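Residue numbers (this note's numbering), protein chains in the order written: chain A, 1 to 334; chain B, 1 to 534.
Just so you know, these hints were derived from the structure itself, not from any lab. One or more hints might be untrue.
Okay, derived cross-link-like pairs now, BS3-like style, lysine-lysine, Cα gap no bigger than 30 Å in a straight line [unchecked claim]:
1) A/Lys45 - B/Lys494
2) A/Lys54 - B/Lys218
3) B/Lys450 - A/Lys54
Chain B regions said to be covered by chain A (calculated; three or more residues, Cβ under 8 Å) [stated by the list, open to error]:
4) 213-223
5) 242-248
6) 258-266
7) 415-422
Bear in mind the structure is a predicted one, so any value in this text is a computation, not a measurement. Every residue gets a Cβ at the ideal spot worked out from N, C-alpha and C, and that includes glycine.
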Amino acid sequence: MFSYTVKRLLTVIPVLLGMSLVVFFMIRAIPGNPAQVILGQKATKEAVEALTHKLGLDQPWYVQYIKYLGGLLKGDLGESLRTGVAVSQEIWPYLAATLELSLAAMFIAVVIGVNAGIISAWFQNSWFDYVAMVLALVGVSMPIFWLGLMEQWIFAINLDWFPTSGREDVRNPIEPITHLYVIDTLMQGHTDQFVQTLQHLVLPSVALATIPMAIIARMTRSSMLEVMKSDYIRTARAKGLSMFWVVYKHSLKNAIIPVLTVIGLQMGLLLGGAILTETIFSWPGIGRYIYEAIGYRDYPVIQSGILIVAMIFIFINLIVDLLYAAIDPRIKYN
Amino acid sequence: MKKKWLLTMLTFLLVAATALAGCGKSEQTGGEKTEETDKPTTLVYGRGGDSVGLDPATVTDGESFKVTKNIFDTLLDYNDGDTSIQPALAEKWEVSPDGLTYTFTLRKGVKFHDGTDFNAEAVVFNFERWANGNADTFPYYGSMFGGYKNDEGHVIKEVKALDEHTVQFVLKRPQAPFLKNLAMVPFAIASPEAVKKYGDKFGENPVGTGPFVFKEWKRNERIVLEKNKEYWLEGHPKLDKLIFVSIPDNSARLNALLKGEIDIMEDLNPSDLAQVEGNKDFQVFKRPSMNVGYVGLTVTRGPLGNKLVRQALNHAVDKQAIIDAFYAGQAQPAKNPLPPSIPGYNDAIQDYPYDLEKAKQLLAEAGYPNGFEMELWAMPVPRPYMPDGQKVAEALQASFAKIGVKAKIVTYEWATYLDKVAKGEADAFLLGWTGDNGDADNFLYALLDKDSIGSNNYTYYANDELHNILIEAQTVSDENKRNELYKKAQEIIKEDAPWIPLVHSTPLLAGKANIEGFNPHPTGTDKFTKVQFK
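The task is simple: from the sequences and hints, build the whole structure.
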């Protein structure tokens, strides 16, 4: 187990290196000079040339790449071309915002998705099963953009339950400590702000959770159906064990393995796919950070942002693999 | 047993949801109550993007200027509704008859936010700082004043402090728009002490003399400004706090306004106009138009090199129909590259009427009786002068098809789009321009002179006669003579038809009904000194 973990961690290095190379070249392949974009449509030619030179963008690509790698080894993610602030310094608040949003979304997706899947499987072909699976189908095919605006319209404006956008009330701002506001507000003992934070989380995380929730529900259902056909479950039911016991103690343990894979994958997709949600709900997260950086051709931000998201993705997959072993002792890593 | 478990689960979810929702409601109504008893003093302004930096001299983007306009003052300012000049930090000024010496009397008793005095030395310090820079550090300075200290074209010979409150500018040659340039946000006067103290970080710690004091900046989220209690304009500003928040999506921003999370929003989609106008809790603000949206016809590409072809395309566009369909009527048809609000506008010019027969005839004359094929580039992002590039392009495509010109719509991501258009890779393309200082030079020379090819003259149109006129107009200080030159320039442009000027749009903003004193300025940067809640 330990050696497996170490081995898995070592494979991360070439993956990240390859990743950095691909990203480095891809963003330079798209047309658009960062200096021109930063200075705007009205800048003079001289200004653009001067800035290009200052940013070192007139150097050959390999010089730029080696400098970038050298910086990475020293933990230097570069400076944002647009703002001149070190990426390592400004990235955490964005990352924290996305983590908070993704974790909330994942929580909703897993709790509702897994349970809906279980209930659908247990009451196969019941009305609940049909309704849940139709909803899941709708959920998968719903554009987040549209869903987000609809949520705002119904739950924020008409019902007046939740705020439409942002992470906090700008008139009553939160003093960040860790930048995970759920934790920060609790640490400061500001219950009103804690509630406010949760309220801000509801609509965007539901929007973000919709697709993974639907996928998890369908996966859980089919996986449960498979397991429930097996002999040992029939035995358990014949012994007169309660439904709760049979489902959550006997079936779920075996059914959950493929679901875990899906959850792991979805968590990674959530990080990358948060861009639309973050735009609609003006959530100041990493997705929007990278997206705006692409608009400005802010190379260091794009490179480092994607690299960090990739690292998190790899890390989550590692956790999922390790969880397999914890849940099912038959899985061995040698 | 089964049912009981299900029931427990559902009840739990329901309770959790209503608890959260309930909290929201009570808090919201609580907030409204206080608003009823005493009027709010914090204004939240919702916009599409964040600022790049808060040292106005170092940036070129409008989002930065919107904020710095309220932190800093300039020597002169524009009038409330137009770009004529009024006093600001300079109370009065004198111009020598030869147009070479400008003497300004400065306002007394003004202090920077850090407590230091505003005086003639501070003005000299700022101008010295910019003149010693370069195109990279202070981009606007060079383009408005003809370069930097040792450049040949640099207009300002000298800036001297005659006494504590008198400052004199000596120019090398007359510059007609000199006063208008001084009123531009990039030339706002910063605290010399703060500039020395913060150095490169001044853009994150701006200190000026303006109505609001910089308080906090959370990038991509908000910028918070607080009232300058010692502002020189007696009894102003009215607000205690001014917060700029970024909400990128126009529809989401409208939702935030309707919910009361923000007080004013910019860039209201014309299609949402009716929704706001029909709601008594809100009002619509119309920004006076100082822009142009146009179709550029790149003169170096195929049939578009032929003047008759370009004139034919001009005849094939029904501008009013486009305005009715995509601008909710909030625009006027453009016949010149200049908007009518700018001195020098030539109203005598006759636009090419919408006339398909005439268009076909011109095409035949040019040797394309059966039309031709070309690309029509559509902007991927909404702009004040072009709310929906894709739809406008589709309408144009349909119009052109009627005279046999098959236009294929092409689009790229915004930065790529500008890059490729600047390189002359587009046949016909949609674009626009918002004026900086209300001067004709800022439109005609910047967009259509041969000197501007490679920067903002995207059609690669070059006409020597036009060039001579525009250069002459830059140095003439007689306002009337200047306007005559610009009128002539517009005639030449009309005849050569490198553009199809489409519209001068009226950018829309929406806000709460109880806001007063907010008059959107044509330059797109607003000062909130006089704004308050009723």
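What are the numbers of the hints that this structure violates, sorted from low to high?
Violated: none.
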